[in-house]
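Chemist: The chain contents come next:
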Amino acid sequence: SQKIEQNSEALNIQEGKTATLTCNYTNYSPAYLQWYRQDPGRGPVFLLLIRENEKEKRKERLKVTFDTTLKQSLFHITASQPADSATYLCALKLTGGGNKLTFGTGTQLKVEL
Amino acid sequence: NAGVTQTPKFRILKIGQSMTLQCTQDMNHNYMYWYRQDPGMGLKLIYYSVGAGITDKGEVPNGYNVSRSTTEDFPLRLELAAPSQTSVYFCASTPGASGNAQYFGPGTRLTVT
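Here the protein sequences line up with chains G and E, keeping their order. Here the first sequence is numbered in the numbering used here, starting from 533 and rising by one per residue. Here the second sequence is numbered in the numbering used here, starting from 139 and rising by one per residue.
Worth flagging that the hints you see were computed from the coordinates, not collected in a lab. One should not assume that every hint holds.
[Stated by the list, open to error] Simulated pairs of lysine-lysine, DSS-like, Cα-Cα distance not exceeding 30 Å:
(1) Lys632(G) - Lys549(G)
(2) Lys587(G) - Lys182(E)
(3) Lys549(G) - Lys595(G)
(4) Lys603(G) - Lys591(G)
(5) Lys152(E) - Lys535(G)
(6) Lys595(G) - Lys195(E)
(7) Lys603(G) - Lys147(E)
Owing to the predicted nature of the structure, the values given are computational and were not obtained by experimental measurement.
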């Protein structure tokens, strides 16, 4: 069956360090992958998109990699700040199938002073 | 632009009652979606629409109905509410071209007792 896995355990890191979150998937052939941020009590907010033919994307302190051989995406936040504390969701868009996304369960990031 | 708005923010229903969750977007987006998010779980797609008059089922449509009479509005109807429908409901929209971000509303927290 198709599955998207994100680490369910919270990731705690110190301010200024790089946070790395993982998104693994099985039995999918995604056209692209998106990352969203979700704060408590709010809807997800789009951060980055990476397509199947791209290896890496950057936006300010954010970097996403996409390895379709390993079936894995890594999401990095450099020089992390307490304001980066949130839950981060990955979402896959399958080839074909309209514009529907399948979401992972998310990983909670806590950046401590 | 207000973006995606949802009403109500909170609602408590008794088993067997019905209600409609409202969703409106002012971005002229063609595609709209309804998701539910249970604690510690990812977003599950209930229904989606690719334009006015066109709707289709997502992953978990049972117990719900939708309609899309205008581009702006995409209401979700719960008939005969059940405790299993206790969840947070998010509406989202996207312009429709592949790769666009989905824009989410603030959510409706529904409890069925």
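Chemist: Take the hints in turn and mark each one as holding or not.
Modeler: The hints, checked one at a time:
Annotation: proposed proximity of Lys632(G) to Lys549(G) is violated, straight-line Cα distance about 34 Å (limit 30 Å). A threshold of 30 Å between alpha carbons decides the hint, and for Lys587(G) with Lys182(E) the separation of about 28 Å falls inside it, so the pair holds. For the hint pairing Lys549(G) with Lys595(G), the CA-to-CA distance comes to about 14 Å; that is within 30 Å, so the pair holds. With a C-alpha separation of about 22 Å, the suggested pairing of Lys603(G) with Lys591(G) holds against the 30 Å cut-off.
About 34 Å separates the Cα atoms of Lys152(E) and Lys535(G), which puts this hinted pair outside 30 Å; it is violated. Proximity of Lys595(G) to Lys195(E) is assessed by CA-CA distance (about 34 Å); at most 30 Å being required, the pair is judged violated. Taking the CA atoms of Lys603(G) and Lys147(E), the gap is near 37 Å; set against the 30 Å cutoff, the hint is violated.
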